[in-house]
Each structure stands twice: as C-alpha cells, then as structure tokens.
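S.K.: First to last, the protein sequences are chains R and C.
Numbered by this note's numbering, the letters in the first sequence go through residues 1 to 429 in order.
Numbered by this note's numbering, the letters in the second sequence go through residues 1 to 429 in order.
Hints in this document: simulated from the structure, not taken from any laboratory.
Be a bit skeptical, because a hint or two may be false.
Note: identical chains are not told apart, hence a pair may lie in one copy or across any two.
Dumping the calculated PhoX-like pairs for lysine-lysine here, alpha-carbon to alpha-carbon at most 20 angstroms [to be verified]:
no., residue 1, residue 2
1, K112, K330
2, K367, K329
3, K330, K417
4, K259, K367
There are 2 protein chains.
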Amino acid sequence: MALRNPISQLYKHASRSSIPKAAATSTRHASSKHSQCQLRSMATVVPPVTQDATSSKGPTAMVFMNMGGPSTTDEVGGFLSRLFADADLIPLGRLQSYIGPLISSRRTPKIKRQYAAIGGGSPIRKWSEYQSSEMCKLLDQISPETAPHKPYVAFRYADPLTEEMYTNLLKDGFGGGKGGRAVAFTQYPQYSCSTTGSSLNELWKWRNRLEGKGATGLDPAGSITWSVIDRWPVHPGLVEAFARNVETQLATYPEESRKDVVLLFSAHSLPMSVVNRGDTYPAEVAATVYAVMQRLGFSNPYRLCWQSQVGPSAWLGAQTSDTVQEYVKKGQTDLILIPIAFTSDHIETLFELDQEVIHEAGHPGVKRAESLNDSRVFIEALADVAVNHLRSGESCSRQMGLRCQGCKSERCLEQKKFFVGQENLLSVR
Amino acid sequence: MALRNPISQLYKHASRSSIPKAAATSTRHASSKHSQCQLRSMATVVPPVTQDATSSKGPTAMVFMNMGGPSTTDEVGGFLSRLFADADLIPLGRLQSYIGPLISSRRTPKIKRQYAAIGGGSPIRKWSEYQSSEMCKLLDQISPETAPHKPYVAFRYADPLTEEMYTNLLKDGFGGGKGGRAVAFTQYPQYSCSTTGSSLNELWKWRNRLEGKGATGLDPAGSITWSVIDRWPVHPGLVEAFARNVETQLATYPEESRKDVVLLFSAHSLPMSVVNRGDTYPAEVAATVYAVMQRLGFSNPYRLCWQSQVGPSAWLGAQTSDTVQEYVKKGQTDLILIPIAFTSDHIETLFELDQEVIHEAGHPGVKRAESLNDSRVFIEALADVAVNHLRSGESCSRQMGLRCQGCKSERCLEQKKFFVGQENLLSVR
Chain R
1 MALRNPISQL YKHASRSSIP KAAATSTRHA SSKHSQCQLR SMATVVPPVT QDATSSKGPT
61 AMVFMNMGGP STTDEVGGFL SRLFADADLI PLGRLQSYIG PLISSRRTPK IKRQYAAIGG
121 GSPIRKWSEY QSSEMCKLLD QISPETAPHK PYVAFRYADP LTEEMYTNLL KDGFGGGKGG
181 RAVAFTQYPQ YSCSTTGSSL NELWKWRNRL EGKGATGLDP AGSITWSVID RWPVHPGLVE
241 AFARNVETQL ATYPEESRKD VVLLFSAHSL PMSVVNRGDT YPAEVAATVY AVMQRLGFSN
301 PYRLCWQSQV GPSAWLGAQT SDTVQEYVKK GQTDLILIPI AFTSDHIETL FELDQEVIHE
361 AGHPGVKRAE SLNDSRVFIE ALADVAVNHL RSGESCSRQM GLRCQGCKSE RCLEQKKFFV
421 GQENLLSVR
Chain C
1 MALRNPISQL YKHASRSSIP KAAATSTRHA SSKHSQCQLR SMATVVPPVT QDATSSKGPT
61 AMVFMNMGGP STTDEVGGFL SRLFADADLI PLGRLQSYIG PLISSRRTPK IKRQYAAIGG
121 GSPIRKWSEY QSSEMCKLLD QISPETAPHK PYVAFRYADP LTEEMYTNLL KDGFGGGKGG
181 RAVAFTQYPQ YSCSTTGSSL NELWKWRNRL EGKGATGLDP AGSITWSVID RWPVHPGLVE
241 AFARNVETQL ATYPEESRKD VVLLFSAHSL PMSVVNRGDT YPAEVAATVY AVMQRLGFSN
301 PYRLCWQSQV GPSAWLGAQT SDTVQEYVKK GQTDLILIPI AFTSDHIETL FELDQEVIHE
361 AGHPGVKRAE SLNDSRVFIE ALADVAVNHL RSGESCSRQM GLRCQGCKSE RCLEQKKFFV
421 GQENLLSVR
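Taking the hints into account, I'd like the entire structure generated from these sequences.
M.R.: Here you go:
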C-alpha cells in the first residue's frame, strides 16, 4: 500500500539513538529508593526511530496501553476522577457521573498521602516509556520489514491519555488520510474487560472522534490500520522474567528452609459481578501462575491471591492481606509476594504490598519479588510478543472477538467489531 | 525391604489377563445410549496382576480415588446421605448431622429420577474399574520395577467405599504387618479440598482405624507405605485426550463456521466460601483450560464456566446454564460444552448438561464433547502420570503439604502431616 510512504519519510533521515545503558540501569536503584527525580527526566527521552532500508511495511506505531498513575501528587485528583468515571472498571450504574466524582474527591487526600509515601508519584510512566522504547529498538533489529517501530504510551487515567497519544500519532504522520499501521499492545498480560477492554473502548472512541466515520458513514480512506495484542499470559519470556525475580528473592532465604517458603502470587482482584459476567481475567492470571510454577519445577508450595478490593460488594478472593495474616498466624512466616498481573511497579506494589501488607505482617521472612521494571528478559519478551503478532497478520486474538456471556455494553460490541474488522485491511497490506 | 515379599507371592503365579479390546470398545456405544447392563457386568472384571520377574519394588496397589455415584437408583439414598454428611464437600456447620440427612432425604426422589433418566445409574464405577485396570496393565509394561500393579477403586460416597477398598488391600496381603506400597491416585485432575482433600481425609481415617497407631502411639511395623498423586491438571496426555474430543466435536460443524464455534469449558463450581478460604481448584481448572486451548492453537473463542451450583449461598460463576442461555440469546448458537474437571461420564454430564442445559438451549448447534471414558490417549496419560510419580520418590506434591490460608480443619492438618511424612519411608524402600 502506498499510504504508508508519507510516514516513512518522517523517519528516513533520523539516526538511531538509545538511552545509555548506564543511565537506564541507574534508575533501577533510584526507583527502589522511591526517588522520582531521575525517573521523570528519563521519561521524557523518547528515541527517534530509524528507517531501515529493508523495511517493506513500516513504520509501525507500537502503542503501550496501561492504566497509568499520577506522576506527581498534584495529578492524583484528576487520576481518581477519571478512574471512578470509568464504568468498565467501576460500574456504578446510572448515577456514575454523580457518585464517581463524590467518591474520587473523598478519596483524593488519602491516595495523595500514599503517592507521597512512595516518593511523590507513580513510576509507571517512566517504566512504560523505557520498556516501549527499548522494545522498539529490539524490534527494529528483529523485524526490519515493519521498521521503524515508534513507541507510544496511552494511559487510561493519567497522562499521556489516549487522546494525547492519538493526537501525537496523527501529528507524527500516521493516519489522517496518510494511512499507516499501529499496534495497540496491552501491558496487562491477562485480559480483563475492566483493564484492556476499557483501554480498547477508549482507543476506539478517540479513533472515531479523531479520524472516524464522516457524513458518508464510511471510514475515510487513509485512516490508521489498527491491530491489538490483547493478551499474552503465558509467553515464555514473561514467565522467565517472573521466575527469575522469584528465584532471586528465594536465594535470600537460608538453603535449609528455602523449599518451604510459600510463594504468594498476587493479582488485582475483580468484583464478583464482573467475574460472573464472564470476564476471562481470573483464568488467565491462573494460567500465568501455573506457567511460572512449571518453570520453577514446583519447587515451593504456593497460592494465588487477590489484592486491592474496595467497597462493600463481593470481590474475588482469597484476599492477599488476609492470606499473609493467616499464614503468619499459622506460623508460616516465610512468604514471597509476587505481583503477577502488572509489569512494573505501581501503588499496589510500592505502597499496598511493601508498606501495608509486608509492614503489617511484622516478620522479616515476608518479602516481595521485584517487579519486572527494567528486566532485560522482560523487554526481550515484549519484542517477541510483538514480532509474533506482526507476522501473524491477525488483528486480535479469536478470543477477543467473543463478548462475555453477561455483557450488556453496546460500546464493547462495536469496539470488538471494529478491531476484528481490521483484519480485512491487514490482509491487503 | 523384606516386608513386601509376602505380597509378591500372592501374584507370582497369576497369568496376565486383559479385557478383550472389542468388548471394551463396544461399551463406548452402549454408554452413549445410556444402557447400563453391559457396563455393570464389565465392572466386575478385574484382571489378576502378574509378577514381573524383573520387579524389585512391587507389587504396588494403585488406588483410584473419586466421588463415585450410585450404580443403581436404589443406591441414591445412601449416596446422598454420605454426600451431605461430608463437611469437606458441603460445610453445614455444627448441625451437619441433623441438616445433612434432612436435605438428602428430601432430594432423593428427584435425584433418583435423574439417575433413572440416564439409564438407571452412574457409569462411574464401570469407567473407574476399566481405566484403573487398563492403566495397571500398561504400568506392568513400562514400570516393571514396581510391578505387579493392582488396581483398586475407592469412592467417597458410593460403593466401593474407602473402608471396603482398604479391607480388600489388607485381604490381598498389603499392610497389616506385611508392609507394601500403595498409591492414592486422585481421579480429579485439579485439586480441591472438597474433592481430593475429602478423599484423602477419608483414606487417612480408615488407615488409622484399620492399621494405625496402637496403644504405644507408634505406627505398627509393616503398615502400608502410602504416597499420593494429588493433582495433574496439565499433563500433556490429559490435555491431548481433551483436545481430541473437542476436535472430534468441532468436525461436526460446517467448515466455514467452524472457527466461530464457542468452546465452553465447564467444571463443577465451588461455594465462594471455599474459594476465599484458598482452595486451589479454580486456578488449576483454569490451567487445564489454557493448556487445552494452547494445544488447539487457540483455534476458537472460549470461556470457562461453572456448573451444578446448589443452595442459596454465593458460588463461583459464571454459571454454565446461564452462559449457554445468554449466548443463545445473543445469537451465538454454535457452542461445544466440554466437561473439563471430571474424567468420565457422570450425572453432571449425562443429565445436567445433556438433558437439561443442551435440551433447554433448544438449538442443534449446542453440543457436548465426549467425556474421556475409554479414551486410549487418556489411559496412557494415567500410566504416564503414575510412572512419573513412582520414579519421583515423592510422597505427594510440595503444594499438597501447604494448608489453605483459611483452613481451620485439624483433620486436614493431621492428614497432610501423615502423607508428607510417608516420604521418609519411601526413601528407604
């Protein structure tokens, strides 16, 4: 297709740059000390993407979708108001637009204190920008036919929001009559309607607003061709990255008691109403856990538990905090918490696990495996997931096309139709 | 150890026999027509086990544990009364011994009608005896060092009960001062405290009653050495057997619409109180489902749903019957139900799925994948699971040693200690 040529021009003369390895590594330690200064400055570095001479299908925009988090405490209010306005995440019924703001403004001071306690903001933007740009550099090497790969981040509740990302895409020469190819790459390895589904609904909304159907009811020629990496719960590289972080933490226990350390995989919980609607997330999280345990040779006993439940309704358990308390009460005080459904540090690891659950356990044997953050194995895994997707010619998984049995959302239906339908465009590229 | 020799003598001069292949195959069709006559007569055939000359550690008793079912409608009353007396399966609190009989007697007429509707009884005894004896024949070939392998069946709620099985073990020369080796092989591929856990509690109880600690508080010399195959949710042979039955059913749909058939994996549900206590079953069922989908190359969209919920309390969903209804209402009428947590036909497949869920769907596109029953791939998988266990020297998985975080059962604690502790005896064999 000729449509992509104008974009290629944009990058043709740009030279490859990279974040110096040393700088990238130094942030790791900065992060564990909750210093955000270095991280924020790093977050602004987005390497230009080079045009590879052998490229036949590039450039390709690689859009990392995630929930995001406030980078400073000043952003907490806006973050929470978006979060409680999202019926895909927190279904509050018809009164969502009234109740949502009430809850979010009431919770803002408390959540501000939590972000203050982890260094003044969430590191998720820094990690997302680092991971996406590092992955794109790898992709340029292993998939020259779709190079250059340009990294974008689209958060659901914090900057850069989907609207901002899409505006940047258009500004950079994708779509808007010039065609081009973009991949929505969820950074939730396990699919939930309340996470990846919500991000896709938002992406679909902004796509329609910014380059969607005109007065004719037909999509204008030269809009972006989208495809979605919607889940990757047992990718071997992901599993390897998790397993290595578990092994590193296991090695800190005395050898004679090491095999009895309990591995507690912890994932964000879901309301039972969402589970019972048919959300695929609990089963996919379980698949990740099982794959990690297989890789570890079932060396230790383990449990999967669920954290961050809020409000009075029923949520999926067992709850992580209860689990730790109950095991400690039973005398099982060697426990490693493993965040298994998020690919970098965030408030749920740095505050909820580290400063609440582990602190309250009051025992040095209760520890946490490091998050994936700048794990090289993980970044290689991202590139492998991406290249497999790019070569598949699929617009999304077959599973994504199927609505949940209890789904009543028309938006969800239309969104799925749109992304599934992109396959026709991909096949002629 | 000299202790096992007396048992070896029992089988030394027995010749190998087998169920004629033709007879075994013919039962498959009999079963699908719900004819129980042939099956019952087959169920009584237990092949004698031969002593292999190269055997160094045999004989080995292979005990298939399962819930069981009434073989005739006359057995329904006794079956239900045992089922509702089991606090591991249906926790009714302090009044279990009063409420249990009330519920079971009230439900008996209805359940009798259900068993009458599937041909007069459950085929589970027939299939268990067939699968265990066929597996033992294979084991004699692939694990001569632990031959002969003698098949036993121990049901939790129907004949042959654990007590009867244990009495037969002793009568056959295992234990009772003569030592010997037995493997408790759960026929629930995914572990739940309410299924495998309950069977192990029962086995431990009868072991203590029939050859347990005497007045000295020490275990008498020459009691049976036990080990447990407590879970095998993603064994490749199990996965292959499930996948082939799915493929067989998929092939009955027209080629052009085949890839859009929804695969509905259905497993028995659990009360949320059990899930929230830390039961590992939901996550292991999910692991099986994911493994089967990997084997199928994610050829179709799918969901995992949960069946057979009873009573007013909250259970894990989505419910299978709701799921089918909702998809049919959405116009998705090509559905294959796949029983994923049970290894042969039983009332939940033959009645609940076939005669209730599928019948009520009222659409020819709603079908069910066959249960594993006499699948040769499955029987080979059983033998492979068993031989891996026998060679491992493990008394049970490391996972089995860990109590659930919310567990309050002293019996469960003691039972786990007993089976984990058998490892010391295994290491000196």
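S.K.: Indicate, hint by hint, whether the structure satisfies it.
M.R.: Right, here's what the structure says about each hint:
1. K112 / K330: For K112 and K330, the Cα distance exceeds 20 angstroms both inside one copy (35 angstroms) and across copies (44 angstroms).
2. K367 / K329: within (16 angstroms within a copy, 48 angstroms between copies)
3. K330 / K417: Intra 51 angstroms, inter 14 angstroms, cutoff 20 angstroms: inter-copy only.
4. K259 / K367: Answer is within: at 15 angstroms inside a copy they meet the 20 angstroms cutoff, but 45 angstroms across does not.
In summary, the one numbered hint that this structure violates is 1.
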